[in-house]
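**Student:** Take a look at the letters that make up each chain.
Number of protein chains: 4
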Amino acid sequence: MPDFQSILRTIYNSATSQIEKGRVATYIPELAKIDINNFGICLKIVGGESFGVGSFNTPFSIQSISKVLALAKAIELVGESIWKRIDVEPSGHPFNQLALLEVENGIPRNPFINSGAIVIADILLSNLKDPKTDFLNFVRDLCGVDDINYNTSVALSEKHTGFKNYAAANLLKSFNNLENDVEDVLDFYFHQCSLEMTCSQLSNTFYFLANDGYCLKNKLRLTRSQVKRINALMLTCGFYDEAGEFAFEVGLPGKSGVGGGIVALLPNNFILTTWAPGLNKKGNSLLGMTALEQFTTNTKLSIF
Amino acid sequence: MPDFQSILRTIYNSATSQIEKGRVATYIPELAKIDINNFGICLKIVGGESFGVGSFNTPFSIQSISKVLALAKAIELVGESIWKRIDVEPSGHPFNQLALLEVENGIPRNPFINSGAIVIADILLSNLKDPKTDFLNFVRDLCGVDDINYNTSVALSEKHTGFKNYAAANLLKSFNNLENDVEDVLDFYFHQCSLEMTCSQLSNTFYFLANDGYCLKNKLRLTRSQVKRINALMLTCGFYDEAGEFAFEVGLPGKSGVGGGIVALLPNNFILTTWAPGLNKKGNSLLGMTALEQFTTNTKLSIF
Amino acid sequence: MPDFQSILRTIYNSATSQIEKGRVATYIPELAKIDINNFGICLKIVGGESFGVGSFNTPFSIQSISKVLALAKAIELVGESIWKRIDVEPSGHPFNQLALLEVENGIPRNPFINSGAIVIADILLSNLKDPKTDFLNFVRDLCGVDDINYNTSVALSEKHTGFKNYAAANLLKSFNNLENDVEDVLDFYFHQCSLEMTCSQLSNTFYFLANDGYCLKNKLRLTRSQVKRINALMLTCGFYDEAGEFAFEVGLPGKSGVGGGIVALLPNNFILTTWAPGLNKKGNSLLGMTALEQFTTNTKLSIF
Amino acid sequence: MPDFQSILRTIYNSATSQIEKGRVATYIPELAKIDINNFGICLKIVGGESFGVGSFNTPFSIQSISKVLALAKAIELVGESIWKRIDVEPSGHPFNQLALLEVENGIPRNPFINSGAIVIADILLSNLKDPKTDFLNFVRDLCGVDDINYNTSVALSEKHTGFKNYAAANLLKSFNNLENDVEDVLDFYFHQCSLEMTCSQLSNTFYFLANDGYCLKNKLRLTRSQVKRINALMLTCGFYDEAGEFAFEVGLPGKSGVGGGIVALLPNNFILTTWAPGLNKKGNSLLGMTALEQFTTNTKLSIF
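Residue numbers (my numbering), protein chains in the order written: chain X, 1194 to 1497; chain Y, 1194 to 1497; chain W, 1194 to 1497; chain G, 1194 to 1497.
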């Protein structure tokens, strides 16, 4: 087995010495306050140890990474029927997501673009008794800790500025692809995105996706086939319009968030989570992308 | 001068004998209740008489026809500066209005597509003291009567089902092309569209656009140049994606509404208003289009 | 009657004193050689005199202005059946004409965008015995002179660089909306566009469109209704993506070409042709647009 | 090790008993003649045996599968510089490929959509001495046999009907993203696509992509990193607009062709080639997709 702690350390040192660190997301005012110098990495080996460097125990806003967890919960609740309301294809265009939704009659391209995640939020809202609490408990249970929480000021911040999400939700509603009220769906969605977790917690939470559906507690959460599908979706759609580039450079299923987090995994091998708040032009963590690329290049561990 | 009363009568008889009457708009539930057999025509000669046949004195929901009046009021209030926020080109695509708005950075193609009219509503909201009352008085004053009113149940009906308009308004807001709150702008916009007027009242109200800016009371409302521009816009953009067809078949500036009304005019000659609630596939009044085409063909009165 | 000669002179002086003259089209190498200081205006009164200033007797490449003449010939040959293969709506988007053609299954938006004009060229090719000669004779006959010719080096120049037209023609062919070979259609089309005419000749040639279908020789070329349709199309689609702006600023049916020519007309009143090779950003003659706008503003002669 | 021969036999029997076999591609007239009942599967284990069932030794038109081989040759010749002219992202839209190319200034989304493959063909044309012969030898050498050939009547058939490819190539040319003449590039491209190979030959030819760049003869053809990139591209872009679905259902990098062939592979494990000429609605082999999905489900061998 490679000396993972030493590999992470090398990557950490190399990445932090980079001058160009990207730019912190400013469209959610609360996120703009984060110190760009944060950088953490946590590697969890399936059936083995964990390794961490830097601020891997500092909580950050997981944002779109939550879409994977929401999708998993929705599949757990209602199974494959969700695919009647959402497609599984890459979205292609970054610049006209509403256009695509309009042309394709309100069926979002996949569950990881905003419109698709809003449909998933609608499904959770319809199928959970106490949606915010139940979803929080689902994540805590996967992670094995009790102190994961929503950041309500981040959620509120999005609520006041998330006009594109309101536009998407209303467009979905006009195509009868939302069951609940726009306000209720987005309130849940903004809370879901505001979850704060550490690199270490994220690696633990995503464990079941690298372990054939069995979570850290060795409890079966989803079938092997369902897990395979989520991983396939992360690979093809997990990085906005940089999904192809990520598959190409890194070669792992993964999901990024504008809070600067990235979770990536190699089935039956490991989960690797990074956090660095500076984003590249496509909205993915700049240091995180570099670190992941170096890790798979150095270790030759990728799906390809 | 032709015998206009007799011409209108002939057109009326010919049109009402048509079996195919189109379909009443159903997307606003309140409008779905209207009797499809209504049909009225009112012709007002500039500097001359008025002629009417059928239900030309029955009030109906003017809907998008109100966009011309809102545009006129906005120009009266703030002049040419409105064109910084709205373009003057035909929209081309019916099937992806949000797409266009997205690609063109939140600048609506023209003031007669919904997104453009929402920007106009925002301008009125920012520049009128008591927007709903002031706008109503503007219309009443142009028309010369006091009993024109909003239909609040129609306005409310749109508010509960107008998800595409909410999507458009939020998209405009995301591009900083709305100053006021989405809810406030749309509340005003839905009221504006819910105005109820008769064919006769509409012909009188639009008089100033056929009379170099002077309204029925001979008061100058807009400059000759401003009037010319509004007429040009009606010709190129007044009939959704059937604007070219209307210019082609009828050859008059005009504006239709999903309530089944159409106002058309020949500058310095006449204003011709029709109302028949059955719509063709493109959302314009079927009998109204036929009547207007027959009128310009019979009388050879068109701008071309 | 206004003193038209003096009005033209004033406009000419004012326009030529403008410092910004636009840019000569360079995408057809032959056109790039033209002196940008050329400027001519010719006004032909229906049933009356002609007036000219500047280089109104200098031949220039009429380019897209020829599309109106080709359309007229196609209607003369096969009547309204052409509208099965071409629509009559403004194209909206400048930036994705092929996109539009692709989404709309190979039916061009109107006969004045390139794809539409290529379909018209295909119709002429199928219905004329000796297409190039017959079309040339049609134009000469309308104009009343024998010395109008194609510029074969301009036609050849387009043939070697007109890749977008080849793309459009092949796309039309893939939708079965071209009967003849792509090469043959484009050879004819490039020749048609290469016609060289003077402002004076163009005003005479377009006479029938301002005179209810009767050409200068008082011969009926098209029905009143057909003429009305062509005029409506020029108004809504004659100026690329600046059609709305032109209707708005000038208020006349017209057609421009990248050679710097513009023909505009007021039915039953006049034909006004300008030529100035410098183009604005939208591809229309900069001085020509200014001159036309000043003419309609000064004389208050427009359709609105 | 599983009993692969028996697994293939089971899949073969199950798939051939399906009533719905899809439809043979008809847009290339030569391909329309193929018997829809052909069905072959060939599995090649890395460092091990080969297994075959059905018509796995019958040559068929590999069509778009050739795009992977052309890409490999282009990378071998000019390295990573090809990515200046082609992107690596999924294309998203099936219905408007030219639209995308137009909006994105002539840079194809990836090397496996037609426009991207045409750019690759242009690169080969510029960098091979005798392009058709050299490319054929490259494929023969990878495969280890001498009797692979172009089918010139298929190539010619495409040349006479491939109008969309002509449209794409001309559009690329208009954006200066083709160095050679459209005719020459497409002549080479249509020949490349017309290659005829058997399932068995394809499995052998693609061996280097499953073997870290080493071909069957144990010769290094591309670096490990280059191979990883090609595999990533096959996963994200190898199945037209069904790429997401394939990753989701099958979970292997692969490439399909309208001739009914599919090559898929699991790095360091196996290459699996299927051939069944009946296509599903998205243009991928119906029985082939089923067979691959059953294989990865039964064996639990996939990248996810």
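Everything labelled a hint here was simulated from the structure, so no lab data went into it.
Predicted model only: the values in this text are computed from it and were never measured.
Please note that a few of the clues may not be correct.
Treat identical chains as interchangeable: a pair holds within one or across any two.
[What the hints assert, rightly or not] The calculated lysine-lysine pairs, modelled on PhoX-like cross-linking and capped at a C-alpha distance of 25 Å, are:
(1) 1277 with 1357
(2) 1214 with 1352
(3) 1357 with 1226
(4) 1226 with 1277
(5) 1410 with 1226
(6) 1277 with 1475
(7) 1474 with 1412
**Student:** Is it within, between, both, or neither for residue 1277 and residue 1475, if the alpha carbons may be no more than 25 Å apart?
**Tutor:** Between copies only: 18 Å across, 29 Å inside.
**Student:** Cα distance capped at 25 Å. Does residue 1357 pair with residue 1226 within a copy, between copies, both, or neither?
**Tutor:** Intra 22 Å, inter 34 Å, cutoff 25 Å: intra-copy only.
**Student:** My question is about residue 1214 and residue 1352: at a cut-off of 25 Å on alpha-carbon distance, are they close within one copy, between copies, both, or neither?
**Tutor:** So residue 1214 and residue 1352 fail the 25 Å test inside a copy (28 Å) and across (46 Å) alike.
**Student:** For the identical chains here, do residue 1410 and residue 1226 meet the 25 Å Cα criterion within one copy, between copies, both, or neither?
**Tutor:** neither (36 Å within a copy, 58 Å between copies)
**Student:** Should residue 1226 paired with residue 1277 be assigned to within, between, both, or neither, using CA atoms and 25 Å as the limit?
**Tutor:** For residue 1226 and residue 1277, the Cα distance exceeds 25 Å both inside one copy (40 Å) and across copies (33 Å).
**Student:** How would you label the pair residue 1474, residue 1412 (within, between, both, or neither) given a Cα cut-off of 25 Å?
**Tutor:** neither (39 Å within a copy, 40 Å between copies)
**Student:** Treating 25 Å as the Cα threshold, decide for residue 1277 and residue 1357: within, between, both or neither.
**Tutor:** both (24 Å within a copy, 22 Å between copies)
The structure fails to meet hints 2, 4, 5 and 7 from the earlier list, while all remaining hints are met.
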